[in-house]
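Chains as they are written, first to last, in this note's numbering: chain Y, 1 to 154; chain P, 1 to 207.
Please note that the accuracy of each hint is not assured.
Dumping the calculated SDA-like pairs for lysine to any residue here, alpha-carbon to alpha-carbon at most 20 Å [said to hold, decoys possible]:
#: 1; chain 1: P; residue 1: Lys44; chain 2: Y; residue 2: Lys106
#: 2; chain 1: P; residue 1: Lys177; chain 2: Y; residue 2: Arg138
#: 3; chain 1: Y; residue 1: Lys123; chain 2: P; residue 2: Lys80
#: 4; chain 1: P; residue 1: Lys98; chain 2: P; residue 2: Asp171
#: 5; chain 1: P; residue 1: Lys39; chain 2: Y; residue 2: Asp132
#: 6; chain 1: Y; residue 1: Lys123; chain 2: Y; residue 2: Lys106
#: 7; chain 1: Y; residue 1: Lys55; chain 2: P; residue 2: Leu96
#: 8; chain 1: P; residue 1: Lys55; chain 2: P; residue 2: Leu96
#: 9; chain 1: P; residue 1: Lys104; chain 2: P; residue 2: Asn194
#: 10; chain 1: Y; residue 1: Lys144; chain 2: P; residue 2: Leu96
#: 11; chain 1: Y; residue 1: Lys144; chain 2: Y; residue 2: Val63
#: 12; chain 1: Y; residue 1: Lys106; chain 2: Y; residue 2: Lys70
#: 13; chain 1: P; residue 1: Lys159; chain 2: P; residue 2: Lys180
#: 14; chain 1: Y; residue 1: Lys151; chain 2: P; residue 2: Leu160
#: 15; chain 1: Y; residue 1: Lys56; chain 2: P; residue 2: Gly94
#: 16; chain 1: P; residue 1: Lys40; chain 2: Y; residue 2: Lys70
#: 17; chain 1: P; residue 1: Lys39; chain 2: Y; residue 2: Leu143
#: 18; chain 1: Y; residue 1: Lys55; chain 2: P; residue 2: Gln198
#: 19; chain 1: Y; residue 1: Lys144; chain 2: P; residue 2: Gly136
#: 20; chain 1: Y; residue 1: Lys55; chain 2: P; residue 2: Glu204
#: 21; chain 1: Y; residue 1: Lys55; chain 2: P; residue 2: Ile189
#: 22; chain 1: Y; residue 1: Lys123; chain 2: Y; residue 2: Thr52
#: 23; chain 1: P; residue 1: Lys40; chain 2: P; residue 2: Pro197
#: 24; chain 1: P; residue 1: Lys180; chain 2: Y; residue 2: Lys151
#: 25; chain 1: Y; residue 1: Lys70; chain 2: P; residue 2: Gly136
#: 26; chain 1: P; residue 1: Lys159; chain 2: P; residue 2: Thr141
Read the hints as simulated data drawn from the structure, not as lab findings.
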Amino acid sequence: MSKFKKKKKGMPAVNTASLPDIVFMLLFFFMVTTTMRETDLRIEAPKLPSATEIKKLEHKSLVCTIYVGKSKDVSKHGSGFNRIQLNDKIASADQVPAFIINARSKVSEAEVPFMTTSIKADKESSVGTITDIRLKLRDVNALKVSYSTQKGAE
Amino acid sequence: MARRENPEINAGSMADIAFLLLIFFLVTTTMNVDSGVSKKLSEKPPADYVPPVIKEKNIFEVNINRNNDLLVENEAMDIKDLKEAAIKFIDNGGGLGKPGEDGKPGKACDYCEGEKSESSSDHPNKAIISVQSDRGTEYGTYIQVQNELLRAYRVLRNKLCQKRYNISFTDLEAAFKDDKTNEELKKKIEAIRNAYPQIISDAEPTS
């Protein structure tokens, strides 16, 4: 028995020097894989209206986003709140069908009916612009629309 | 100088520092979940489409002008009163509902708690809310109006659901979300949705 006791006495401390490496690896993994935003905003970040009856948008890959708001480049596009951004460019409502059809070609046929268009428009935009977009969406049969809003208090 | 064996630097607290950083980033990173008022657009009508004739009393007209003022059923109204007015209109139940798809004549609304007035809507499934806005209306106001109307439906659905199944519609939907295969819940949700279908139409804006 005395033999065993002797061994236990000399137990060395666990070397924790590599622990930071592991944790840093985790940290870097999260930092690298986190993507903040896919598209650059050409308009100023829209101040979304708030609403209470909202639904979460599911299936991010099936959502295409249309931004409406004030252009960052006022000298080029004017200072109105009704500029439409598709992908990375300021566009007009006439280009919406092409944008939707392009987005459709990226998903499988079976998923097309579940595609949703999210409209992120500024509070101060006018309904006319939204209606123009809506009519164009109707032309290409993209009927599911979500008006992006903040969660507001009751 | 005495020669000393250099002591090892204690790296044990390094892990704490790294963890602190990791937790800081984990907490401060917000994945902004997109959420919004969802809407289904109507399909494009064919060229020779003749709109059906709808009785005036079954339409609840909401007008928003370019100064963001509301005109509801030809009377000016504050946005905070819109919900009550919409509830009163939808839940009126003054007549017979839409005939069923199998040709059966429509039934009177047996769950409505409204005034059963002659001059308001016949049945929730006939009650149409028409929102007419101006091209210059602010989008924020438009969404507010849509939101109030949806809230009116939510209130009515919750009330009916509470009466029939002893659970609010919001909770019922949440329960179904957790258990998507449950046919019984699905049937209940369908029943409530059919009792108060959301019929909100967007008229072409005036310019």
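Unmet hints by their number, sorted upward, for this structure: The structure breaks hints 1, 2, 4, 6, 7, 10, 12, 13, 14, 15, 16, 19, 20, 24 and 26; every other hint is satisfied.
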